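**Student:** Generate the whole structure from the sequences, applying the supplied hints.
2 protein chains.
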Amino acid sequence: MSEKKAADLGKPAHARDAGEVKRWHREADVVIVGCGGAGVCAALEARAAGAEVLVLERAWKGGGTSAQASGQLYMGGGTPLQKACGFEDDPEEMYKYLVASCGPGADAEKIRVYCERSVEHYHWITGKGVPFKPTFLPVEVGTDPSTDDGLSYTGSELAYPFCEIARPAPRGHTAQQEGENAGGMMMDVLMGHLAPAGVEVVNDALCEPLIVDHDGRVAGVVAAVGGEEICVRARRGVVLTAGGYIHNKAMLERYAPVTRRVRFRLGCDGDDGRGIRMGMSARGDAIRMEAACIVVPFSRNRQFVKGVLVNAAGQRFCAEDLYQSLLGEIGMWRQDGRIYLVLDDALYEKPQLPTEILAVGESFAELEAEAKIFPRGSLVHTLETYNAGAARGEDPQFRKGAGWLQPLATPPFVVLDLSLEKYPFWSAFTLGGLHTRPTGEVLDPDGEVVPGLYAAGRNASGMPAHGYNSGLSLADATFSGRLAGAAAAKASR
Amino acid sequence: MSEKKAADLGKPAHARDAGEVKRWHREADVVIVGCGGAGVCAALEARAAGAEVLVLERAWKGGGTSAQASGQLYMGGGTPLQKACGFEDDPEEMYKYLVASCGPGADAEKIRVYCERSVEHYHWITGKGVPFKPTFLPVEVGTDPSTDDGLSYTGSELAYPFCEIARPAPRGHTAQQEGENAGGMMMDVLMGHLAPAGVEVVNDALCEPLIVDHDGRVAGVVAAVGGEEICVRARRGVVLTAGGYIHNKAMLERYAPVTRRVRFRLGCDGDDGRGIRMGMSARGDAIRMEAACIVVPFSRNRQFVKGVLVNAAGQRFCAEDLYQSLLGEIGMWRQDGRIYLVLDDALYEKPQLPTEILAVGESFAELEAEAKIFPRGSLVHTLETYNAGAARGEDPQFRKGAGWLQPLATPPFVVLDLSLEKYPFWSAFTLGGLHTRPTGEVLDPDGEVVPGLYAAGRNASGMPAHGYNSGLSLADATFSGRLAGAAAAKASR
Chain A
0 MSEKKAADLG KPAHARDAGE VKRWHREADV VIVGCGGAGV CAALEARAAG
50 AEVLVLERAW KGGGTSAQAS GQLYMGGGTP LQKACGFEDD PEEMYKYLVA
100 SCGPGADAEK IRVYCERSVE HYHWITGKGV PFKPTFLPVE VGTDPSTDDG
150 LSYTGSELAY PFCEIARPAP RGHTAQQEGE NAGGMMMDVL MGHLAPAGVE
200 VVNDALCEPL IVDHDGRVAG VVAAVGGEEI CVRARRGVVL TAGGYIHNKA
250 MLERYAPVTR RVRFRLGCDG DDGRGIRMGM SARGDAIRME AACIVVPFSR
300 NRQFVKGVLV NAAGQRFCAE DLYQSLLGEI GMWRQDGRIY LVLDDALYEK
350 PQLPTEILAV GESFAELEAE AKIFPRGSLV HTLETYNAGA ARGEDPQFRK
400 GAGWLQPLAT PPFVVLDLSL EKYPFWSAFT LGGLHTRPTG EVLDPDGEVV
450 PGLYAAGRNA SGMPAHGYNS GLSLADATFS GRLAGAAAAK ASR
Chain B
0 MSEKKAADLG KPAHARDAGE VKRWHREADV VIVGCGGAGV CAALEARAAG
50 AEVLVLERAW KGGGTSAQAS GQLYMGGGTP LQKACGFEDD PEEMYKYLVA
100 SCGPGADAEK IRVYCERSVE HYHWITGKGV PFKPTFLPVE VGTDPSTDDG
150 LSYTGSELAY PFCEIARPAP RGHTAQQEGE NAGGMMMDVL MGHLAPAGVE
200 VVNDALCEPL IVDHDGRVAG VVAAVGGEEI CVRARRGVVL TAGGYIHNKA
250 MLERYAPVTR RVRFRLGCDG DDGRGIRMGM SARGDAIRME AACIVVPFSR
300 NRQFVKGVLV NAAGQRFCAE DLYQSLLGEI GMWRQDGRIY LVLDDALYEK
350 PQLPTEILAV GESFAELEAE AKIFPRGSLV HTLETYNAGA ARGEDPQFRK
400 GAGWLQPLAT PPFVVLDLSL EKYPFWSAFT LGGLHTRPTG EVLDPDGEVV
450 PGLYAAGRNA SGMPAHGYNS GLSLADATFS GRLAGAAAAK ASR
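Protein chains in written order, with numbering that gives the first Met the number 0: chain A, 0 to 492; chain B, 0 to 492.
These aren't lab readings, by the way, just hints derived from the structure by calculation.
Hints may be right or wrong, so weigh each one.
It does not matter which identical chain is meant; a pair holds if it fits inside one copy or across any two.
[What the hints assert, rightly or not] Here are the simulated lysine-lysine pairs, DSS-like style, with alpha carbons at most 30 Å apart:
| no. | residue 1 | residue 2 |
| --- | --- | --- |
| 1 | K421 | K248 |
| 2 | K82 | K95 |
| 3 | K421 | K95 |
| 4 | K21 | K82 |
| 5 | K95 | K371 |
Being a predicted model, the structure only gives us computed values, none of them experimental.
**Tutor:** Given below as C-alpha cells:
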C-alpha cells in the first residue's frame, strides 16, 4: 500500500480537456474515486438509485483511512442504541451541541441535515450488517473504544459550557469488534455489499487528472491501471472520495502551517490530498484548509482527568474534562503546544502512553522549582487555588465537572510533560477540503456548482472546523458519501 | 467608489476560453488588474523593463487600500533613514525577526528576498519622490504615525522573545505627510509617474473574468468599461493586484471563520476578493486563507502599556509591550477575543479610543468583585504577582520590558473592557491569497506555474501569516508589485 512517490507533489493534476481524449476505455453513470468509507457508501447509494457505478481505488484493496479507524460514528438524535442504553436525545440538542463544539467554521447546514437524518443513517448502517452492542461505556471508564461497548461519550457533551448549551447525550457509536479496529470490520461489511449490488471496483487504479468538457462540466477521470492510462467516462458524475491531505507536507506547509507541527499524522498512505487537488484543478474550491483534528490523548488513564493541566506560564487554561480532541485544538492553537499535567500520588499511575516526567516534588513549591520552566510562584498559586475550589466541590475558573474534582493532597506531586516537543502522541488529521453542498455537489470559488463533480468524506470540508468530536469523520464519510452518491446518480446526463 | 453590488458573490468569475473571444478590443504586453500600491509598482517596473503596459482600475481613480493606509512601509537592513536616525541594522537580523514574528506560515523565501533588497527598495521608493523625514519616534511616545516622524517601531522587535532572537531595530518607515494619511500622498506620488512613463490607466474598468488559452495560459482579461464588455489581450502576462477579501463576507465565512468575527474591516471597497477568485478560476491556488492581520489598538495611550492585560480567567496571557497586531492575533486566536486591561490611577487617563469601564475598585479585591466575570481570587493574585515582580524590575511570567514595568499601586484601580464584544476598535484585514513565487508567478495546486499569470500585494499570500507587523502590507504591495511587473515584462510571448 505504500505510495510514497505518489504522495510527492511532482505530478500535475491539471484537469484534462475532454477534447483531447482519443478513446473512452470505460464508462459508467457514476465514477467514484477512492473506496474508503465515503466511496463505498457513495457507491451503494448511487447503485440503489439505479446508476451503473464504477469505483476506482488506488490501493490494492479498498478501505482507506476508515478501515484503519476505531469504528466510531458520531450519531444521535435518539438512535435505537441510545434508547437501548437509556439515553434521551433529539436532533435539536444534537444540532446545538455540534454547532457549538465544531466551530468557528462549523458547517451549520451540513450539521442540520445530518442531525435530522442521523437516526435514519443509523438504520442504514445497521441495515447493512454493521453491529453495535447495546451497552454503554461510562465516561469514568473511558471514551476510546478499548472495550466492545457500543455507546460512549466521544466529545465534550458533559463538560462546561456545552452541558449548558445542549442536553448531553453520548453519541459515539462504536461498531462491535474485539480489539480496536472496528473500522476495518465495518469497511469489510460495507464493501461486501458492492459486488452483490453490481458495483464494480477496480483496485490498483490511481486516478489523476479529471477530464473536463469544454463547458467546464466534469466528464470523467484518467486512471493508471496496470501500467496503462485509461480514460473513464462518467455519464452522470464523478464522486471524489479520496481522503484528506495529512500526509502531504507541501500542502500542510501552504494551507495548515500550525497543523504541520504535529508529527504523528493519522491517515492511510492515500491521504496525500490528491483528490482535493484534482477537484481544485476542475475549478472546485477548497475551504477551511487550516482546520484539523488535533488530539492530545493524555486521558486514557481516566483518573488523569482529575489532575490539573497547566501551560508554560504555570496557569490552568481549560477544564481537564474537555474531550481530548478539543484539548488538542486548544493546546495547539491557544497554548502553542506547551501543556503539562500535574498529579499527586493518589492519582499517579503508569501512563498508558509513555510520558516524560518533568518534575517530582514533596510540596508544590518543590515541584515548581524542580520543573524550572514555570515563573516563580505561578504553579504553587495555581494548585493552591485549584485545591481550595476542589475541596468545596467547585472549579470557579473553568467549571470542571464535580465528579473529576479532588484536591491534589498526597505527596509526592508530579508534572508530566505533555508538550508537543516531548509527548509524541499528539496526533492530527486534516479537516479542510473541497467546498460542497450537503448533497456533495462541489462549488467553485464563486459558490456555483461545478457540473458533474461531487466530493465526500475528508475530500470535502465537512461538519467540523475548529473543534472536533470523535466519530465525526466516519459520520461525515458515510453520510456525505451516501448523499453524494445519491445526488450523482440522479444528475442529468 | 461604492461597489456594494460588485462585492456580492453573485457574479461568476469563471475563466473564459480564449477560443470564445470574437475580438480583442485592446492589447498590451502586460495588463495589470488594479491600480493600488501593488498595481502601480508593477506597472512602473514592467514599463521600465520595456513593456507596453495597460492598467485597469475598477474605481474612478487608482489608489486602492494603499491610498487609505497610514503610509508605513516595513523596511530595514540598514536603510539611509535608519542610519540617519542612528540605528544599526542588517538583512540577516531583519530576516530572523520577520521569520519569527510572521509565523507559523511565514513565507521564509519571500522574506529572504525582501530583506536582501530592502535597502534597494528604499532607494527605489524615495527615488520616485516619496519623502521620509529623518527623525525617529521613540516607542515610549508612539508607533502609530500620528506625527510626521519617518522612523518608528511598528512591531515587537524590542519585546521578548524577539529581542533575543534578533537585534532590534525600528523598521517602520512612514512617508512624510501632515496628518495620518501619508498613504494617499505616497500613492499620488507613485501614480504621478505613470503617464510620464507612458503607462495608460483605464479607470472605471471592472475586470472579470480572466481569458485562458486552450493550454491553460492566461491570455488576457475581460473588463467592463463604460457599460461595454471588452476583451484585453496580454501578450506577456496579466498581473493581478486587486487586493484582499476582507469585505467579502461569504469568503470570510468559508476561509477565515475566526477573522469573520472582527467587525471593523480595513480595506477599500474593492477588497472583495475578486482578484483572488479570478486567479483561482484560472487554476491559481489560494493559500493561508485563514491568516489575517488583527489589531487591538489599546496602546495609543502609550502609558497603557504599563497596565496589565488579563483574560476572562483573570490571568495575564502575554507581555503588554507586544505590538498591537501581535496582540490582536493572540487575543483572537488564543483568548477568544476576551481581553481586559487593568490600570491604576497613576496610569489612567482618558482612552484615545473610547473604552467601556468594566469595574472600578479601591482595592484589587474590590475591583475583582466589581468586575464580576473573574474567578474569585484570580485577578487579585495576578495583580499582586505582577506588582511584586514589577517592584523588583522584572516580569518572570512574560518578560515585559523593564521600561514598562511599574507596580499598580495608586487606587482607585480600573478594568477597561477590550473584549471583542465591547471594544469596537478591533480591526482586521486578510493576509491569505494566491500562492506565488517571490517573482509573482502564480502557482497552481500542484505547485506549478500558471503561465501568463502574476499576482502581488494582498491578492497574493505575502510575507506574514500568523503574525503581523505594521508596514508589511505596503512593503508586500510595493515590493512584490515591482517584482511581478518586472517578471511579467520579461516573460516570453
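**Student:** For each hint, tell me whether it holds in the structure or not.
**Tutor:** Here's how the hints hold up against the structure:
1. Within a single copy, K421 and K248 get their C-alpha atoms as close as 21 Å, which meets the 30 Å cut-off; across copies the closest is 40 Å, which misses it.
2. For the homomeric pair K82 and K95, the shortest alpha-carbon distance inside one copy (20 Å) is at most 30 Å, but the shortest distance between copies (59 Å) is not.
3. In this assembly of identical chains, the alpha carbons of K421 and K95 lie at most 30 Å apart only when taken from different copies (25 Å versus 36 Å within one copy).
4. In this assembly of identical chains, K21 and K82 lie within 30 Å of each other by CA distance neither inside one copy nor across copies; the values are 57 Å within and 66 Å between.
5. Taking CA atoms no more than 30 Å apart as the test, K95 paired with K371 passes between copies only; the shortest distance there is 27 Å, against 43 Å inside one copy.
Hint 4 from the earlier list is the only one contradicted by this structure; the remaining hints agree with it.
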